[in-house]
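Peer 1: Chains A and B, in that order, are what the protein sequence lines are.
First residue of the first sequence? That's 2 in the numbering used here, and the numbers climb one at a time after it.
First residue of the second sequence? That's 133 in the numbering used here, and the numbers climb one at a time after it.
Hints in this document: simulated from the structure, not taken from any laboratory.
Since we're looking at a predicted model, the values are computed, not measured.
For every residue, glycine included, the Cβ atom is placed at its ideal position computed from N, Cα and C.
Among the hints, a few may not be true.
Straight-line distance between alpha carbons at most 27 Å, and here's what the computed DSSO-like set of lysine-lysine pairs gives [to be verified]:
id: 1; chain 1: A; residue 1: Lys88; chain 2: B; residue 2: Lys324
id: 2; chain 1: A; residue 1: Lys88; chain 2: B; residue 2: Lys316
id: 3; chain 1: B; residue 1: Lys182; chain 2: A; residue 2: Lys40
id: 4; chain 1: A; residue 1: Lys88; chain 2: B; residue 2: Lys182
id: 5; chain 1: B; residue 1: Lys182; chain 2: B; residue 2: Lys368
Covered stretches of chain A, going by a simulated chain B footprint (3 or more residues, C-beta under 8 Å) [as the list claims (entries may be wrong)]:
id: 6; region: 88-94
id: 7; region: 97-105
Next come the chains, spelled out residue by residue.
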Amino acid sequence: MSTVPPIDVVDSIDPVSVPRRIALVRPDRRPAVRTTEEKYVMTFPNLIVREVILFQLVVIGLALSAIVFDAPLEGIANPLETPNPAKAPWYFLGLQELLHYFPPVVAGVLMPLLVVLALVVIPYARINLTAGPLWAGSGARRAPLLFLVGGAIVALFAAFRCWPIVVPTVAVLLAMFAARGGSSSGRVRSVLAKVTLPEWIMAWFAIVATVLTVIGTFFRGPGWSFVWPWTRSVGF
Amino acid sequence: MTTLSLDSVFRRIRDTGVYRSIVRHGAASTNRNRSLLVFENLFLHVHPVKVRARTLRFAHTYWLGGIALACALVLVATGVLLMFYYHPSVPQAYRDMKELEFVVDNGLFLRNMHRWAAHVMVFATFLHMMRVFFHRAYRPPRQFNWVVGVVLLLVTLLLSYTGYLLPWDQLAFWGVSVGTNMAKTAPLIGEKARFLLLGGNIVSENALLRFYVLHCVVLPVALLLMLSVHIWRVRKDGGVQGPPESPTDREEVR
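Bound-form chain A, shown alone (with noise of 0.2 Å):
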């Protein structure tokens, strides 16, 4: 470090005989250098092969599901005769299980709006690039704010009587305040305190589609009514 040449400033304006310079490193201080031991493959055959014996398992498990499951197929069309329940197709059945609580411009309209929309501004929210666990450092503090929240999101969902949003919200609230602190005790626990506020909430909102879209398909009958799914077919 003792033979570093000094630094040696032109002041000039014309940017042909001494072009602007946009770093000045001082003597004293490298610039640091990033050296990368990452190992690299050739793409051919490390991954091409690869793509195509996932391509090929995609293939093969779909002709054998095709030969054995036969896609439904009930009678005509008939404007007249009215199926009880009529159901949306699976994916929407997590809606149409809102419908049940929620006035339709709500479940059908707001709700669905509210999701994309929440989808869409993830990677430009602040906290989903900074966040760390949720209880670490000053993390603490935020007890009683998220604690006021959830009461208030359960409070919500209970108030239409929307037991299929209100019980994974209280096992996910539950499970969120159970890792405060947990860094030091047991396996579940300190996993849970490396959560960050970002990941419970994705969480709680797959696992609120997820019981909803259960629910809609397999344990809704006639007039919406509760059944067990064993006490009648499911069309996909």
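Please arrange chain B on chain A, whose structure you already have, making use of the hints.
Peer 2: Relative to chain A, chain B alone:
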């Protein structure tokens, strides 16, 4: 030359002028030719010539996007074949389902495969989104590709939903009726949007034709375009992003 092995036959073919006019590089036995194989091929050049070894691990991506893409390819192939036997009219559409089941060779198999591939694609796309979220792979510079992915999820759902009506059976008719009745409740535009989508006030022959055109032309083209952007950007942003990485690459002061 008396020995005639498979290898020598391949080599002979590879040396012909016609073959070399199609595939300019020789056998992929050297790294140079393995590189040429990737970047001289329109379809493979979405890949770099070399990839990070760790991205090939199963737990890096669980191959979920690949599964969704494989399903999309299966859907295009089976879908085009199904189009040969299908009339988007009432009641012929339903009769064509019976035709596929009882008259067309492997017709039922085709329809089964198309339907299961569609369900798997919706499910795999959703899981892919979850994987990307929990691996935090939406972070810069990949923000916009996440948005493209959300649009692709919606296009996938719409493709599946428009296809749901085409068999014109009770399941299809009432499934679409329920769904479009939900859309009706949207303030201001709900009724008009539903009328535009169905070509009338109820699910009818007009709706069948519109859903058919959307399902077979408009949405597949949209999917192809968005998918191209999606995959191209994965490459541009440095390849697939797996779980958050602890800084293994050392920062050294030289």
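Peer 1: What hint numbers does the structure not satisfy?
Peer 2: 4
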